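Using the sequences and the accompanying hints, generate a full structural model.
Every number in the working numbering is 51 more than the matching position in the sequence shown, counting from 1.
Mixed in with the good hints, there may be bad ones.
[What the hints assert, rightly or not] List of simulated lysine to any residue pairs, SDA-like, C-alpha gap at most 20 Å: (1) Lys-202 <-> Tyr-134; (2) Lys-157 <-> His-210; (3) Lys-90 <-> Gly-118; (4) Lys-202 <-> Gln-93; (5) Lys-132 <-> Trp-170; (6) Lys-57 <-> Pro-83.
The set of hints was computed from the structure by calculation and includes no laboratory data.
No experiment lies behind these values; they were computed from the predicted model shown.
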Amino acid sequence: IENPEKVKTTVLQVATDTEFQDRVANEIWSAPTLNASVKFEQDYGDLYWRVVLISESGNEFPSEISGFGLDTEAPTSSVTKLYWFERTALYQAFWHGQDALVGVEKYNIDYRLAGEDAWERWLSDTTGTSAIFTPSDPSGVYEFRSQAVDKLGHEEAVHSTADITTEEAHAFTHAVLLPIISSKNKLS
Numbered sequence: 052i053e054n055p056e057k058v059k060t061t062v063l064q065v066a067t068d069t070e071f072q073d074r075v076a077n078e079i080w081s082a083p084t085l086n087a088s089v090k091f092e093q094d095y096g097d098l099y100w101r102v103v104l105i106s107e108s109g110n111e112f113p114s115e116i117s118g119f120g121l122d123t124e125a126p127t128s129s130v131t132k133l134y135w136f137e138r139t140a141l142y143q144a145f146w147h148g149q150d151a152l153v154g155v156e157k158y159n160i161d162y163r164l165a166g167e168d169a170w171e172r173w174l175s176d177t178t179g180t181s182a183i184f185t186p187s188d189p190s191g192v193y194e195f196r197s198q199a200v201d202k203l204g205h206e207e208a209v210h211s212t213a214d215i216t217t218e219e220a221h222a223f224t225h226a227v228l229l230p231i232i233s234s235k236n237k238l239s
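Written out as structure tokens, the structure is:
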């Protein structure tokens, strides 16, 4: 504010739309105001804010519109499937996560031998939802757990128990060959 003495009213507006028709906050101060706090009673995925200065003569000077979101809930996730490929002694693990508002950004995936207390980090900050796991002991039973992180940085609480174990893996005891289908070779 270059000339604060000419500002009669400061208005802070927060809305769910850029036209500010659906306002969730509309704070008004009868003086130039340079900072303020607003408490929101719920989370919002997409919000927009602006400040409107009203001069002594009644002219309005809106600021540029800026977007933000409020998400206080942590995401959830789980390692949901394991495939065991006997010929190669490899597992393929699949996990999934969800976040109600902003979405899951990345995952941390841990494993341990069944009966062990300590978990080992297998994948850190991965954006993928599957990976190949090579067990150090192919005859051992391994446990897996996931931890999701949403786009605002909220981390899911670390699971104290396993999401899945290798005893639950779907076994492929022989090679599986799938047909290759190409959309470029269409018959006319």
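Comparing the hints with the structure gives:
At roughly 29 Å between alpha-carbon atoms, Lys-202 and Tyr-134 are farther apart than 20 Å, so this suggested pair is violated. Pair hint Lys-157 plus His-210 holds up; C-alpha atoms about 16 Å apart against a cutoff of 20 Å. Between Lys-90 and Gly-118 the CA atoms are separated by roughly 17 Å; this keeps the pair inside 20 Å, and the hint holds. Between Lys-202 and Gln-93 the alpha-carbon distance is near 18 Å, which keeps this suggested pair within the 20 Å criterion.
Annotation: proposed proximity of Lys-132 to Trp-170 holds, straight-line Cα distance about 19 Å (limit 20 Å). The hinted pair formed by Lys-57 and Pro-83 meets the criterion: a straight-line CA distance of about 9 Å does not exceed 20 Å.
Consistency with the previously given hints fails for number 1 only.
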